[in-house]
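So the protein sequences, as listed, match chains H and W.
Under the working numbering, think of the first position of the first sequence as 1, with each following residue one higher.
Under the working numbering, think of the first position of the second sequence as 1, with each following residue one higher.
Quick caveat, the hints were computed from the structure, so don't treat them as lab data.
Careful, some of the hints might be misleading.
As the list makes no split between identical chains, a pair holds if one copy fits it or if it spans any two.
[What the hints assert, rightly or not] Calculated cross-link-like contacts (lysine-lysine; reagent style DSS-like; alpha-carbon spacing at most 30 Å): (1) K88 <-> K48; (2) K204 <-> K185; (3) K62 <-> K106; (4) K87 <-> K201; (5) K438 <-> K216.
If you want the building blocks of each chain, they are given just below.
There are 2 protein chains.
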Amino acid sequence: MIYNEIINSINEIKNLGYALSLLNWDQSIFIPKNGVMSRANVIETITKIAHDMLISDILYEKILSCTESNDFKNLEEFKQKEILKIKKDVEKERKKPTDLVKEIAKTTSLAMNEWEQAKKTGNDEKYLPLLNKIFKLKKEIADAIGFSDNPYDVLLDDYDENLKYKYIEPLFNSLENQLVEIINKIEASKKHIKDDFLLRKYDKNKQWEFGLCILKKFGINFDSCRQDISTHPFTTTIGEYDVRITTNISENNFIKGFFSTLHEGGHCLYELSVNNHLNSSPFATISSLSLHESQSRFFENIIGRSYGFWKNHFNDLKKLFIENLNNVTLDDFYKAINKVKKSPIRTESDEVTYNLHIILRTQLENDLINDKINVNSINDFWHERTKKLFNFYPKTKSESYLQDIHWSDGLIGYFPTYTLGNLISAQILNAMENQMGKVNDINDEKLINIIKWLDKNIYKHGSFYSSMELVKISTNKDLTHEYFIDYLKDKFFEIYN
Amino acid sequence: MIYNEIINSINEIKNLGYALSLLNWDQSIFIPKNGVMSRANVIETITKIAHDMLISDILYEKILSCTESNDFKNLEEFKQKEILKIKKDVEKERKKPTDLVKEIAKTTSLAMNEWEQAKKTGNDEKYLPLLNKIFKLKKEIADAIGFSDNPYDVLLDDYDENLKYKYIEPLFNSLENQLVEIINKIEASKKHIKDDFLLRKYDKNKQWEFGLCILKKFGINFDSCRQDISTHPFTTTIGEYDVRITTNISENNFIKGFFSTLHEGGHCLYELSVNNHLNSSPFATISSLSLHESQSRFFENIIGRSYGFWKNHFNDLKKLFIENLNNVTLDDFYKAINKVKKSPIRTESDEVTYNLHIILRTQLENDLINDKINVNSINDFWHERTKKLFNFYPKTKSESYLQDIHWSDGLIGYFPTYTLGNLISAQILNAMENQMGKVNDINDEKLINIIKWLDKNIYKHGSFYSSMELVKISTNKDLTHEYFIDYLKDKFFEIYN
């Protein structure tokens, strides 16, 4: 049957993807230094084979003969949707000119090197032409694939299917206004929160054990998962029932390691669950990066930085690190891990100010891809907007647009998923609380019920729905920034009186 | 140029091989339990793709048009040999009927399960028909590929190119007679060697550190290599300049872990070096499994179990494990690690008796593949031969033919490489000593000179020569058992007076 043949081909491509995940995982953790060059060749070979398989005429003809046959309507609806999803993905890939794809790979590879240099030295003379080329090539990709409104939409679609800039723009504008208001009020409160005890010496092994213990309370089954240490924490799926997470523990910064662990733990729960529910269907994957991020942020922030969580776990932590926390109360601790501090660096920002970075970056991406501004004006743009949003100027280029790796790697359209994830997580919390009651006393049982709710309402659907559809289905409302703003106000106005 | 196209294709296939090595490495060390099923699918997909690429008409036509063109003779000789080697490998694979290859994969997969059961319970009723089928299918493969004398030669060729049974048979017969003589003399000496101190508690971390320290003295560069722990130690190459070795350390058995480390260290030196010399040539691989084994045995036995090595290292070991070795002299230690003890189990045997197991197994393989005996007679054969070779009977089937995994995995023709490796290692030692003088005081400098000699005379050739050619070139003589017998006599008659 042609349906089975198509699914088999897609699963073969998925298997190549699993191999690539392992090659990358190993490269981030275990590879000996001199193995890196050869690893790049292995990754290139498999990526090329997987791509050739995806765009092959044989597969595409099968898909067409399936969807165009009279039998197609007799196929169960789920299977029809599977084939149509594959058709969309295949057609998108087939529209990309091979030479253009190669040119992008070559350019980003050069840009990655120059970006590292530029970030170190602050001199972006050699980097800017490459960045310019990346945006130009990405625009060409968008042209080749086609769009109705905005070429940026084609790039957004890579990370969040069917997402449009005309949808994000007003959402982010309202969000910006309200965030700035909240930050002004917090600053006006002049309240000082002590957090020096978070930066004392925390034994690495004990940090590791505590993090692992919480992941186990999330119900993560370590027969289907493992955690390792890497420089930059990440989650990757290497096979059905084989999800790998990493964390990074720093001896003098408790929150960095712990919240990384929770963040990846959230990703892990989602990845593990889609496989449990959908197994070898093409829908056995996350709906979008926004939704993925909503889950990591949910566990990192909404759970992990909540009073209700620490009410149940602070004593355990205190026992482990009595030397640092002896005179620290639950209240002190809760406030310290939620301290609001404007930073020029996105990844060092708190729940409130973080999204301003994304709003800035998203607007810039859209302007660049639409030739509204030129790469040479990025720094001016960044200065002006930073002043407006944060009321300071970045001191160096590594504090401005050079701080993040994404663009050099060709990831344009990726940034908005971080803030969308935050908005989704708060809207999900609201829906959850409407059904389960307030999530304000997070003991082990409550934790399991929360995860059961997510499993039933979010995870089990895999990528059957786009994230905006899934938000609507699981929360009964279109995505809005209001739940997130309410969440911030409730939480931070209390902390800052 | 067509030469480059062929080499590029072969290197793509090699890259898939590297990915498979990583998938297997990870499965032996890190995979979470539930990831195993999905991993099997990933391995199957990539194996199939690599095989399809190797036997593709496009590649074969390129090879033919290269070798048959008038330009071929103008190609430098090395490149001609590369293409002819590829041609031979491709033609061998193309001759294997696809259905037969699939049938073997299916049968061995079933046989692996049944073998595990049979080994545990001693009941081989369900296993024997599968084993019978494996031999039958392997015979069919040999028929499909073709042979002049003996179908077994086709299987031997998989592990040691151009090796023939008519060459092994007389070599192993003479070896058998002389080994039995040596063992009789050792037994007649009635000398008791104390070795209880090897079985005391040796701290695992200190064992790991000591092993690593010796590997570093071998000049192994850990920027191109890493060592981990696995149940069964192995060496695998995951990329150019990326060789992974594993060891297994047991707290109550010092020699097991340490000699595993040296064994894999020998494999590692060889694998690392062929890449250094031949880089992306198809000859950048070991010559054969026999030669590979000659290197692991060289470092495990000829170096690692020599008086000259411990003369220079026993004091370091004693300092580390003073609680166990306080009253043990260098002489006691040397004799203990060389104690001769006949065992029904191959992997637990010493340097002298080990080869009798291989001689028995090789003869049995040849008889089975040539239908001289039937699988139902294996046990009778094993009993009779064990009695003759060892003067005892195996107590159970897991002490007889069920002890090893190889046949269940379809590895027929693999066993002789172990003994050939032993013979080669002794012949290499002789050639080395003719040039460098006696290897009897193995300090750090001597160790480096030994490895330089191997690098220059063996490793740098990669698989350009077959192992028998390479033995001839590097030692000036065809392979014989005499150097090995002389080595054993010198060493063990002294130990046993």
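Checking K204 and K185: alpha-carbon separation at most 30 Å within a copy, between copies, both or neither?
neither (37 Å within a copy, 59 Å between copies)
Tell me, please, which holds for K438 and K216 at an alpha-carbon limit of 30 Å: within, between, both or neither?
The answer is within: 23 Å in one copy meets 30 Å, while 60 Å across copies does not.
For K62 vs K106, is the C-alpha pair at or below 30 Å within one copy, between two copies, both, or neither?
Between. Shortest inter-copy distance 28 Å satisfies the 30 Å Cα cut-off; intra-copy 32 Å does not.
At most 30 Å between CA atoms: does that hold for K88 and K48 within a copy, between copies, both, or neither?
both (20 Å within a copy, 27 Å between copies)
Could you figure out if K87 and K201 sit no more than 30 Å apart (CA to CA) within one copy, between two copies, both or neither?
neither (54 Å within a copy, 63 Å between copies)
Going through the hint list in order, the structure does not satisfy hints 2 and 4.
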